[in-house]
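Colleague: Now for the letters of each chain:
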Amino acid sequence: MNETILLDPTAESAPAQRARLARPDSLDGKVVGLLDISKPRGNVFLDRIEEQLAGMGIEVMRYAKPTFTRVAPTELKQQMAAEVDLLIEGLAD
Amino acid sequence: MTTTLPDGLIVVAKADCPTCRLVEPLLPELDAAGALTVYVQDSAEYAAALPGTRHDHTLEHSWRLDTEFVPTLIRVENGQEVARTHGWHKEDWRAISGLPGLGEDLPEMRPGCGSRTLEPGIADELELAFGDVPLQSRQIDIAGADDPMEACFERGWSDGLPVVPPTPVRVLRMLRGTSREPDEVLGLMPPDRVPCTVEKVAVNAVMAGCKPEYMPVLLAALEAALDEEFGLHGLICTTMFGTPMIMVNGPIARAIGMNSGGNALGQGNRANATIGRALQLIIRNVGGGRPGEIDRAALGTPGKYTFCFAEAEDSDWLSLAQERGIEPGRSAVTLFPGEGVQGIIDQKSRDPESLVRSFALSLRAVDHAKLAMAGDAVLVVSPEHARVFIEAGWSKQRLREELEQLLLAPGKDLVAGAGGIAEGIPEKFRDKQVPKFRPGGLLIVRVGGTAGLFSAIIAGWAASGPVGSSPVTREVLL
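Those sequence lines, one after another, are chains Y and P. Just so we're aligned: the first sequence equals residues 1 to 93 in the working numbering. Just so we're aligned: the second sequence equals residues 94 to 571 in the working numbering.
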């Protein structure tokens with residue numbers, strides 16, 4: 001049997017690397033979203049971030065995923081994309 | 094691809110076939126009577142004197158003519174086959190050739206031999222070379238590599254153990270194990286959420302070491318794993334232990350030789366080992382769920398290599414699949430987010446009342462003795478333990494109900510801080526009787542060898558239920 005050709009077992013259609021969006025130069029005039037993924041005490045972290053951003057005069061919107069174990073529902077992703085310029089999410093406990 | 098057939102007569106032959114040798118002296122007579130093409134599968138010297146003889150060394154002509162036996166005699170008119178016979182049948186050869194005196198000295202009939210195109214291993218190679226094989230995976234040329242297995246390691250396709258190199262022929266054979274089309278998309282494979290086709294399942298099944306006949310079980314397991322209820326995305330990414338565990342019920346388990354008996358949770362059975370491994374390789378290779386990357390498990394579990402077994406079904410107890418709505422006599426897989434195996438050793442209980450208490454006490458350890466309604470669990474009851482219940486007339490359902498009663502606990506003992514242990518359930522449960530498992534969170538299967546008064550607990554993911562993962566059962570469709 002010819003073993004010099006193998007079939008790729010991976011999801012080859014996925015790009016190897018996804019380019020990141022450029023970081024904004026400033027938060028002035030931007031709306032920042034805070035996404036709670038619903039892990040315990042994530043709200044403590046995000047409350048503090050909100051406090052600091054608000055102190056800088058930046059508008060903050062709060063969101064929460066129903067559960068951390070699943071990707072965010074499409075409706076939530078669309079809502080956040082429509083309402084904010086940047087999003088911060090707390091990933092761990 | 095279509096080919097134009099040469100008009101006149103075609104004979105497909107093999108030099109080492111006695112019947113082909115028997116008819117060889119007749120071929121000049123056929124050639125003199127009209128156009129004759131002779132395709133010889135194994136030699137350049139058979140009927141070599143005739144102008145229409147071709148050594149079909151690649152077997153392409155034999156394959157395109159769909160040859161099953163040699164000799165085969167075909168008449169073609171206007172590019173279309175109009176008559177065919179195989180072996181030596183005097184009447185057929187005379188009718189097709191139009192030569193009424195053909196082979197007067199030969200016997201009435203002699204059977205032929207099998208065509209080389211159907212010899213083991215060759216048919217698949219020919220289909221790949223000349224057929225319309227719809228394989229779409231990227232072909233990777235590893236001609237420069239010393240060893241195909243090392244090439245697979247280097248590309249990151251392995252779980253740490255050697256994989257079978259996924260050559261096109263092996264993938265084609267694997268796809269013969271299912272009637273489903275290679276390009277059918279089974280769903281989005283987490284965590285990268287990319288379409289997972291039947292072909293990609295077959296490629297990874299080859300690497301895992303599966304036989305083609307395992308494909309229906311693997312495809313059912315994959316579809317169950319991709320069910321939204323199962324929550325595979327979170328299970329792959331969690332810092333906790335769990336991983337998809339496959340429990341198989343029904344006639345398919347016996348048909349493909351799965352182990353439900355001695356050492357069923359252990360090594361040594363090809364179907365158990367490779368079906369579970371194939372699912373893990375699909376998660377790794379198609380979904381991108383790799384440890385140290387998006388698989389964030391703090392410790393992991395050996396079941397992440399493979400975790401698959403069959404239930405030792407007993408007519409006195411409903412099978413897991415039947416309990417979960419599958420008709421008797423049908424085959425099914427149930428996916429569960431399993432951790433490791435915790436043994437229950439009770440060699441003294443001889444009545445169900447004692448043994449069920451043993452089980453309940455041991456089940457308290459799932460997740461943490463002070464946690465409740467967090468992780469599901471599978472209770473694996475060995476035949477010797479199951480006999481204690483069955484002989485006393487206890488059904489699986491009775492066993493589960495008794496366990497649920499015994500596993501109710503006063504909330505004050507479980508709340509955070511109780512017993513000097515910070516871990517525990519929220520304070521609001523202090524005055525309540527708290528069940529250990531959420532409704533439907535305790536599964537019971539009968540598995541194992543016939544000697545040994547041992548059972549086992551396989552704890553689930555501590556994020557069980559709608560918040561994370563629920564067990565999912567899917568019928569195996571053949």
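Any given hint might turn out to be false.
Computed cross-link-like contacts, PhoX-like style, restricted to lysine-lysine with a CA-CA straight-line distance of at most 25 Å [said to hold, decoys possible]:
(1) P:463 / Y:39
(2) P:463 / P:505
(3) Y:39 / P:521
(4) Y:65 / Y:39
(5) Y:65 / Y:30
(6) Y:77 / Y:65
Covered stretches of chain P (chain Y as the covering partner; in silico rule of three or more C-beta atoms under 8 Å from a C-beta of chain Y) [what the hints assert, rightly or not]:
(7) 127-140
(8) 224-237
FYI, nobody ran anything at the bench for these hints, they're computed from the structure. Virtual Cβ for every residue (Gly too), placed ideally from N, Cα, C.
Colleague: The structure should be examined with respect to each hint, and the outcome stated for every one.
Modeller: To see whether the hints hold, each was checked on the structure:
Only pairs whose Cα atoms come within 25 Å are accepted, and residue 463 of chain P paired with residue 39 of chain Y is accepted, the gap being roughly 20 Å. The hinted pair formed by residue 463 of chain P and residue 505 of chain P meets the criterion: a straight-line CA distance of about 10 Å does not exceed 25 Å. A hinted pair counts as satisfied when its Cα atoms are at most 25 Å apart, and residue 39 of chain Y with residue 521 of chain P qualifies at roughly 19 Å. Between residue 65 of chain Y and residue 39 of chain Y the alpha-carbon distance is near 9 Å, which keeps this suggested pair within the 25 Å criterion.
Distance hint between residue 65 of chain Y and residue 30 of chain Y is fulfilled; the C-alpha atoms sit about 22 Å from each other, no more than 25 Å. Restraint check for residue 77 of chain Y and residue 65 of chain Y: satisfied, since their Cα atoms lie roughly 10 Å apart, inside the 25 Å limit. A stretch counts as covered by a chain when three or more of its residues have a beta carbon under 8 Å from one of that chain; for the stretch 127-140 of chain P and chain Y the count is 0, and the coverage is violated. Coverage of the stretch 224-237 of chain P by chain Y holds [criterion: at least 3 residues with CB-CB distance below 8 Å; count 8].
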